[in-house]
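A.B. asks: The listed protein sequences correspond, in order, to chains R and C. So the first sequence is residues 1 to 332, counted in the numbering used here. So the second sequence is residues 333 to 685, counted in the numbering used here.
The set of hints was computed from the structure by calculation and includes no laboratory data. All residues carry an ideal CB built from backbone N, CA and C; glycine is no exception. Watch out, some of these pointers could steer you wrong.
Claimed, not checked - The following label-pair restraints were derived from C-beta to C-beta distances:
1. C:E627 / R:N278: 55 to 65 angstroms
2. R:N60 / C:R655: 53 to 63 angstroms
3. C:E487 / R:A164: 50 to 60 angstroms
4. R:N278 / C:V672: 51 to 61 angstroms
5. C:Q511 / R:N165: 52 to 62 angstroms
6. R:A59 / C:I632: 51 to 61 angstroms
7. R:N163 / C:L412: 46 to 56 angstroms
8. C:V672 / R:D77: 19 to 29 angstroms
9. C:K501 / R:D73: 40 to 50 angstroms
Claimed, not checked - Now the stretches of chain R that chain C is said to cover, found in silico as 3 or more residues with beta-carbon under 8 angstroms:
10. 137 to 143
11. 200 to 214
12. 300 to 311
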Amino acid sequence: MKKLSIVTMLGLLLVLLLAACGGGSAEPAADNAPASQPGTLTAVKVDATSLDANAPYWANAPVLSVDTKAAVDGNPDGSTVKLQAVYDGQYLVIRSEWADPTESVLKNAWTWDGTAFTKSGDEDRIMITWPIGNNAEFASKGCAAACHNSSENQDEWWMGSDNANIRYDNWHWKSARTNPLGYTDDQWWSVLADPADPESSRYGDAKDSGGYSDNVNEDKSGPQYMNGAGITGDFIFKGDEVAIDTAALVAGDVIPGLVLAKPVGSRGDIDANGVWINGNWVVVQRRLLNTGHDDDAVFTPPKPMPFGLSVVDNGGGLPHTVGPDVLTLEWK
Amino acid sequence: MNRTFQWIDERTGLSGPIRAFFNYPVPKYVHRNFLYTLGGLTLISFSLQVITGILLVFYYDPSTEGAYNSVDYITYILPLGWLVRGIHHYGASAMVILISLHMLRTYYYSAYKKPREINWLTGVLLLFLVLAFGFTGYLLPWDQKGYWATKVGTEIAGSVPMMGAYITKIMRGGADLGQATLTRFYATHVMLLPTAVALLIAVHIFQLRFHGMAPPITERAKAQSKKFLPFFPYWVVTDLIAGLGLLALLVYISYINRAPLEFPADPTSSNYLPRPEWYFLFFFQLLKYFPGKLEPVITIAIPLFIFGSMLLLPFIDTSEERRPWHKPVTTLVSIFYIVVILVFTYLAMAEFG
């Protein structure tokens with residue numbers, strides 16, 4: 001009897017342990033979510049939102065899968081991005097997940113070889129573009145109208161809107177420059193300011209202070225600062241920077257190429273939480289439905305909103321891949 | 333208060349006609365009979381359209397630059413704007429359904445027969461005008477759905493032999509859809525059609541009062557045909573209760589399913605699939621079976637035949653018989669039309685999802 005009790009106790013313990021282990025290895029709620037209608041991201045109403053990528057409500061938010069294609073002919077296509085959305089009385093939250101074999105967070109980092117610095121590295125990004133105000137052409141043609149214009153000839157693309165009254169809100173999440181401080185770079189698009197510069201139609205939202213800056217010395221031969229809190233860190237946060245001291249470095253040390261600070265103002269009003277795990281980026285972005293800022297799109301549920309999506313894998317702005325179709329955010 | 337009424341009456345002489353209007357004797361068999369509330373409900377739905385339409389006009393901007401933004405504002409920002417627009421939007425469908433049911437009731441009860449031909453004719457014209465309301469109102473939000481449906485609709489009008497191009501140009505106010513089209517549709521929707529409908533309703537009601545209710549067709553109703561009740565309060569209260577039910581239904585539908593507003597019209601869009609309002613879907617579907625040179629069969633011949641036969645009905649069916657089960661031809665013809673409309677509407681809906 002005593003023997004049986006011990007066996008029973010051990011059995012129970014084993015069951016409890018298995019249950020506990022099973023709980024820990026359970027798939028994220030989002031993996032069980034239903035599929036969305038093609039081209040439609042349905043935001044589900046919840047009581048309260050957060051930046052938690054594993055919040056239980058993701059199990060009920062339909063998943064929109066967007067196969068991203070090369071924006072420029074000849075470049076390789078990109079990952080399939082799984083999008084989900086929820087909202088409460090104040091916030092819209094978008095969860096995005098896509099495969100990326102490498103976590104790229106060292107943009108323009110400086111590597112010390114014992115005598116000099118060399119600069120290398122880039123970052124991963126995801127961009128979500130919304131029209132500011134009603135925009136017939138964007139709603140009909142998507143990103144092709146917003147930044148590539150309607151010409152099928154890529155040589156004629158000018159990467160900007162037709163006139164200054166047509167503007168787009170751009171949620172530009174960056175793995176190296178904004179994610180470490182938990183925000184998305186809030187930008188806007190309009191007309192191309194400099195025809196020679198395809199990125200000159202992109203502007204940062206208004207800010208009072210903060211934002212990242214390049215960590216580069218005057219003659220651009222190396223970093224101006226290093227991290228006072230620890231030389232080997234991937235990031236330098238504003239306040240931790242100290243003047244570079246090459247005597248403290250050994251060959252192979254890498255100095256971050258940026259000094260990071262969260263912007264105060266419209267530019268920093270999108271909170272973000274990005275995690276790279278098992279070859280996937282999982283990024284959750286949250287913003288007020290209406291920030292009250294002139295340079296932000298306004299969400300008024302149940303009004304549908306067209307949007308565009310693009311992804312960058314360890315690169316600059318141009319070699320990005322885009323969701324080729326018009327995407328629509330709807331509210332449930 | 334009495335002195336005030338007396339003062340007004342001495343100067344207008346209205347008390348007599350008003351009293352006569354409300355005391356009008358109505359056969360008892362129509363009291364609390366749903367089939368006899370359909371006309372009153374159609375009138376109530378028209379009144380709701382007028383009231384909500386006037387409220388919408390306060391905020392609507394009839395320009396191609398501003399129309400969409402103003403409807404967007406009404407729908408998503410203006411307090412209770414969604415409700416007013418919802419009642420107007422779904423009320424339009426309710427009016428089509430109610431007037432159709434009312435006409436079917438009139439048809440099966442042979443209430444179009446002598447001496448009520450003019451009442452029938454005004455009813456047919458009212459049905460045509462209600463459909464015209466729907467067609468012109470569809471464009472006003474200047475969204476993708478309205479724009480492309482109107483483009484197709486005006487192209488259909490253009491298939492009329494000889495005069496097609498001219499008709500299309502008159503409707504559009506030019507070669508293509510633009511500000512002139514919106515202005516014309518808006519003026520027609522808020523001025524011409526309401527005035528015409530109001531006048532025809534007045535004639536319709538006057539005719540109804542002049543001839544009285546059509547003779548009953550059932551033995552039970554015939555037994556009550558010599559018993560009368562005053563129009564007020566009996567019929568008025570019944571219609572008002574039915575009207576409140578209609579309003580409640582429209583409010584409910586507007587609440588659970590906001591009046592649709594698609595993305596703004598993009599004339600350069602190449603992949604938009606045009607589709608009309610549900611009550612034109614069967615017509616839209618039929619067009620697919622008559623491509624090319626056969627298109628005028630659907631666009632011209634069939635509508636002309638249907639409306640023509642409806643207008644001529646009282647002059648074709650002149651028999652004394654009023655019971656539909658003793659009139660197999662007219663009954664079967666109507667059933668055939670109903671089946672055709674339902675089947676092709678279903679096919680179109682299945683295609684559009």
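A.B. asks: Which hint numbers does the structure go against, in order from smallest to largest?
C.D. replies: 3, 5, 7, 8, 11
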